[in-house]
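J.: Now for the letters of each chain:
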Amino acid sequence: MGYDIRSFERRLDRTEPDRRCGKCGQAIPWGEPECPLCSERPGYFWLQRRNTFLILVFVFIVLQFVITGYAVRRYHGVERGLAQGWYSRGEQALKSDHPGAALADFRNALAYSRDNPLYQLRLAQALAATGRVQEGRTYLLSLRDRQLGNGPVNLELARLPVREHDSPEAVQYFHDAVYSDWDGNPAVQRRAVRLELVDFLLHSDREAAARAELIAVANNLPPDAKLQTQVGELLMKAGGYDDALRLFRQALAVEPRSASALAGAGECYFQAGQYGQAKRYLDRALQLDPNLTPAAAIRDTARAVLDLDPFIPRLGEQERAQRAREAFDQAMTRLEACAAQRGIDFQAERGDRLQTLYAQATTFQPSVRQRSLGRDSELLTNTMDLVFEIEKAATQTCGEAKGLDLALVLIARQQEGARP
Amino acid sequence: MRAAWDKLRKRIGWEPESVMLDEPQLFLLLAVIIGLISGLAVVLFRIAIDWTRLSVFGSDLTPPPTRILLVPTVGGLIVAFLVINFFPRARGSGVNQTKAAVYIYDGFIPFNTVIGKFVCCALAIATGQSLGPEDPSLQMGAGIASALGRRLRLSREKVRLIAPVGAAAGLAAAFNAPISAVLFVIEEVIGKWTAGVLGAIVLAAVSSVVTVRWFLGEQPLFRIPEYHLVHPAELFAYGALGVIGGVSSLVLVKLIGYARPRLKALPRRSQYFQPAVAGLLIGVIGLGLPQVMGAGYEFIDQAMRDEFTWRMLALLAAFKILSTGISFVSGTPGGMFAPALFIGAMIGGAVGSIEHHFFPWLTGPIGTYALVGMGTLFAAFLRVPMTSVFMGLEVSGNYSIILPVIISNTIAYLISRHYQPTALFDLLSRQDGTDLPSMEERREEISVHVENAMRAYQGTVLNIEDPLSTALARADASAEDFVFVEDGTGQWRGIMKGELRRRATQSQEGATLRSLLSEEALPHLHPDHVLEEALMRLGDLPLLPVVNRADFRKLEGVATLAGILETYREVGPRRFKGKRHRHA
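Those protein sequence lines, which keep their order, are chains A and B.
The first sequence: position 277 = 1698 (our numbering), numbered continuously.
The second sequence: position 12 = 13 (our numbering), numbered continuously.
If a hint is listed, it holds; no wrong ones were tucked in.
So, partial list: chain A residues that the calculated Cβ filter (under 10 Å) puts toward chain B:
1) Arg1471
2) Thr1473
3) Phe1474
4) Val1478
5) Phe1486
6) Val1493
7) Arg1495
8) Tyr1496
9) Val1499
10) Ala1532
11) Arg1535
12) Ser1563
13) Leu1564
14) Arg1567
Derived DEER-like restraints, expressed as beta-carbon distance ranges:
15) A:Asp1602 x B:Pro233: 34 to 44 Å
16) A:Gly1570 x B:Ile403: 22 to 32 Å
17) B:Thr435 x A:Ala1492: 35 to 45 Å
18) B:Leu30 x A:Gly1605: 48 to 58 Å
19) B:Thr435 x A:Leu1477: 27 to 37 Å
Rather than coming from a laboratory, the hints here were simulated on the basis of the structure.
The beta-carbon is built from N, C-alpha and C at its ideal position, and this holds for glycine as well.
Same shape as in the complex, but just chain B (with noise of 0.2 Å):
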């Protein structure tokens, strides 16, 4: 076959290697072909998730008592079954995976995981677990990459670098949102600002975002009402729901990781019938409130238009909570933003409900407090802080809802933070036995700082325009064993003084130190460089000047290796003292 292959090119006079492209070329055009191909996937994702709960739960939205109790019970049995013994690596939400391919796989995840997570996460959420098909489409994404990287055989640098491109691809299209899916990938895949990525990771949200409203339309997930603030005491009410919030996102943060390493530790057979016992519990809370049993948008959606009274949204919120937790825990298969987005606007809704009851005259629409409500548990559970804040931006489309967005979750994040000094997906990797990065430590880690290494010079500066005596003589008087030489632009050379001495006797009288030294100038420091900027610096050289930015003759100080070094000795045990604790 092959033979009649390269026969028929030759015929046709197509050569392929002609129009080879180079690897970065290739890296954007794939990830176009990575945004479209999740784009697709997603769309099929979804519609597998719709039609499979139509087939077993039957068009109404309130379906009889025993297909409420006996679906997501079969359906946890089901999904169990595949997840156990054909697609194991399906489990979880997706997040940590997608991570773990990056720190530790080099971006290789198996096409069979991405298969595993359609067929299970599409069967888990339609037959009513509460669980969202977000996270998952960001693993099938960053399956979808890796698959097409390594068939394309790209370098490792850039197979490792698809996944996050892959992840994004997903999330934008599954939220239908390219800036929060950039921004989520960047705060917590890949820690920070690449510009190597970056283009590729915008591209393929953007084009896994037209390949879905390609196909499902340019409709919103959600009908966001406009917002406008009515009284400038409003912001009290989302100060409120930040707290709320934050004490929320809480619970089932705690709820999870109590419950999780147990369930675990049960005996191996127990995990086929963890998920069915989550179902069956889920469908018990389904018969009363059916709403929490699913993804549930078209719930938010409702809330958004306050279609419910607060007491029916704050009891949305509390068993959506605990169904979650319940859901998750189990090993089910399944995302959390779409719970946290729920669980986010029917607090939401009804800490509006409550304003809009007692305060008429201060309140704007209830709608907006359940869209800023889901930003918040955004914010506090998932701890992803930008992602929340220009998630709530882009989902409503109006940039005057910032301060409220804000307010509400900064203080969630902090409450959430102060409480849970573990953020959620760090927590679930550390109870799985891994040690992946945490973006949230990541982002707060404090430089040490050249200012922090530095010395003051105890040595004479010398002018490269002093005649050779007189240099040697302030030389000799010097302190240190090495003398700066200073030219008057603010170029600074050095020499030790054993050195300077011999050179001086070879070299003629008269002669100024400029004959001596080299034309090139020593490299310099200022205060603020980071100590890895430094240490590069120094190369071999004893010490480094340290000068002021605003006048590069004026000395700051000096940098040697030792002082670095001690810095260091100094601030490590400080900062890894939580890290080495979390490992034993």
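So that you can see chain A by itself, here it is in the shape it has in the complex (with noise of 0.2 Å):
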């Protein structure tokens, strides 16, 4: 088998003429001692005889076969093992905001499972996540084209254009996701795709399309009271309290002890002007959860407004002149307050709208009497709407009315529902 550095150079520079075989008068080739196709080698007895040889050969494929088998099987093994490590490292530098390490962790761990579509999007994730939108895009696009009904890859996609605000692409993405193929409980997943679509188009002030969203995914909710009462609670941001109310509503049949769900269902009374109801759900979800601040606030003003509501059916005279009156000197303090607070002279030249309003309500004053109020109900509807007017002009003057000023500002909405 060895061949000595002489020979060697001689076969490199060809300066030694091809030998030929006596029998044949074929060139010998290189490094051979006698012609290879003459010459009776020594050799074992069976590989004389061509069918034993042939039997031998298959015999040596089987084996090889064998061979090749487990040193696959054990390559293959070694791979995995390190496409999971590469990958586990990308998960942490990802979770550790990491991306760029995770990229390339991932990329060594495609290295080596190149087909596999959890590396793959994570891949795609690092890209984005690294500033690398397109190259991200179309890798995923690239993932898409291979697997069109992929939920995780449209999901991907559909994230790439909410990070550059576009709308329309992002839409038509997390669509694609919803009705894409997705492992494990697809109701689920689709369910939080469209959850996140629907927290896109509320932060793009799309308000009607998270609803038609919100819409399709209650259709389709599980008696899950917590799963009602969040959904709930998106539609109310979305501004579908009547749907947002028969979720609570279906919440509290599932669990009546929810504080959430009746925080939830009083809000929407609150929204519906259904004070009194407002004020129940708000008092039970409070003694349920007292932490429920932004309830606690909308409580206060339901019992507010019906506090001071003359307009409210079955009160007596004496009751109703009362409210009448306590509601315009409030109305009073806050023109004082807007006009101060915006600087205006109520003494100087008229002109402004505080500064007419507030010579309407001089005049109106000394004629602002209980025992009048509770004799003369067109006197108390004639007050009633110089505050309707008063606080309009401030809350449009001096921002939105809080307290009892928000109380009448409610009152003075209802009423204009309730005429015709």
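Join the two chains into one complex using the hints; note that each chain is given alone, in its own frame.
T.: Rendered as structure tokens:
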């Protein structure tokens, strides 16, 4: 088997002519002592017979199959281990907000498990996280080409335009993701995608589109109070109070002591102008969970509305008159505070709306007495109309009303809706 | 032991010779066996490369700088030691060595070469030399086939034919593409479609690919995007890709053609260090661009999936040309297919990306450009145009890609041929002092036809029913010594004037010419027959009729031995001018 360097050199230089076989006259290959085709080689006897040799070849092939299979399995095992190891490192890096390191790790993982969709997805996420959005998009699109109905891929594709505030593209991919295939529990995954889409729509001030998505979610919800409450709260954010109330009621049917559902239902009633119902639900919610701060504020406003509204049926005349008088005093206080805030002098020449209203109020003030208001319902109505005008003007000039003033604004809205 | 064996055979009543196969049957069976063994060898070869790479570089795609520099250098030293001391025939890519076995050594490839190729190439590629495993697989397959053929004591002719069968099996297994492998062997090793061996080659290629897929799965080497022509104007971009591909292949061939003989001419001991120096240089390149090290399939796949910017793709192509040139001229054993595919994919990807940047509405997937680029380099660098076209189709599985592939490959091929008349494998063979047949020249050899050698017939054409007296009179008036006789059905006979006269004196009065002539008609020629055919048909006859293919009764002219030889004298010097110059 060995060759000395001189013979190698000679072969390289091709200075030595080919030797010819004495028997057949053919060239004898380099390094061969004699013609390999003509010479009888010493060897084991079983190699001399053709059929025996063929059988041995088959045995050899079977053995080689076994050996190769073993080697391939071992190597694939090593590859799987390496891929898993790099993937875990990448996940850690991604969690600890090192997308650059995660990117390298996922690339390594994919070198050993090229077609693993999870690793490919993570690589695309890492690309996007490192600001290489275009590369991430290309990568995801190529994944999508191969697996058109892959839910996670479509979801990741939707998240890229979200970063760039590209609404139509994002919505399109979110919808693709909703209707794609998902492993595990597809219904849960699809709902999560829709809720992510709703969140995006709400941030993009597209409440109507968000409401449509939420109604689709609400129609497929399981009897789970927490979920129903979550979707109900989103519906409230999107302005769908009626649907939200329906969901809160469903949640309360499943879990009557759900503070969040009670608070949600209370807020829905509040938005619908049913302050009595709102107060009842919110009272119960706050009994169960006193930490519901927004609910407490709404409850207080509802209570104020109920305490201040002189138009509530079945009130006595005196009570009605007293409420009107309190409302008028509150409106005057708001008007003066607002004028002070805006630096408006009521003694100066008239022209401003607040000055006009102040002049009307001061003219009207002597007649606003409890006895007169109790006797004269027209006076009460006129007084309250003036109160509503003042509150509206103050809100327009000095910002949102709070506390009792907010209650008066709400009463005004309710009365506007009630009048023909 | 033999006695014991014979006793055992008698006891079980088995006579192996009772089921003897004849040689053609054995040849086909052997093709399948060669395919299986070559496939298994290639699977082990690929695993050996990957496992060695993992061991020496670690599992990180971007190894530490010290390893990037040290591993190829030390690997180069070990490979050089093994090649020089144990496996001298493992040098080179393997294609020319297989051709040498077929054309010089009657299909003989020592099995030692197979082992050497396996060990040295696995080590070289795994340690980062910019070479590929396909050509070595081709030679390993040929070596396995040769060893089996010799052990089975096939005839000399069959042993000579068996090496290409093994070569196709090895290449098909490495490439995972049987059609391309069969075509490459026919186009580059055998040079012609030989019916006797084609079946065996196909059988071997298919069985080797089946074996490889059995173990390594059905997944292709590269994931090809779906192709569709976005706009006809996109074909111009493929034309540009052909131009760039052709020029790039020229750079690589010129680099090899210039540096290889100069490095071979260096003192003997330098051959121990040349692969190590090449390894060190590649390591330096690898510090910035580790993708150029090794075969680089994973990076071809990434280019197909548009994971690189066009600048990066262009850089990778340029440095891969440099690193492949360095690796190959240093005498490190390894193949040129994978580097050609790598360079082509990067160039294709770069062209696609640039076009996509400027004309996004015209461009298809960038991966398609990378695929077409691979075929383009294949056509221009290895000068196998037909294989390159079919490779594109086979790898993509999409026949609509044929138009861009043909446009790009043809342009690149023509540029390469124009500026580098000698193909790479022929160049290497001549640098090594052998004169293996150039398949490219053989494909383009212009045959000399009868129409080039025939002349007009000056004599008289007699009719077989002519009375003898008339025939004699007309023959005497003929300007030719040999007169043709036509029988009215397009069959021609002929006779010398003297012979006609002699036979006529012995015949009865009133007899016709038919009675004097033999029943057997003269062989005839057509103007488009090659001269070799004319020579074979001519035999001892002084001339042969050249007749029209549509009307055998119409004599176009005559072919004579003198005319044929004169034509060869005129055409020969023109045709062999290049070859004589080359040998000189």
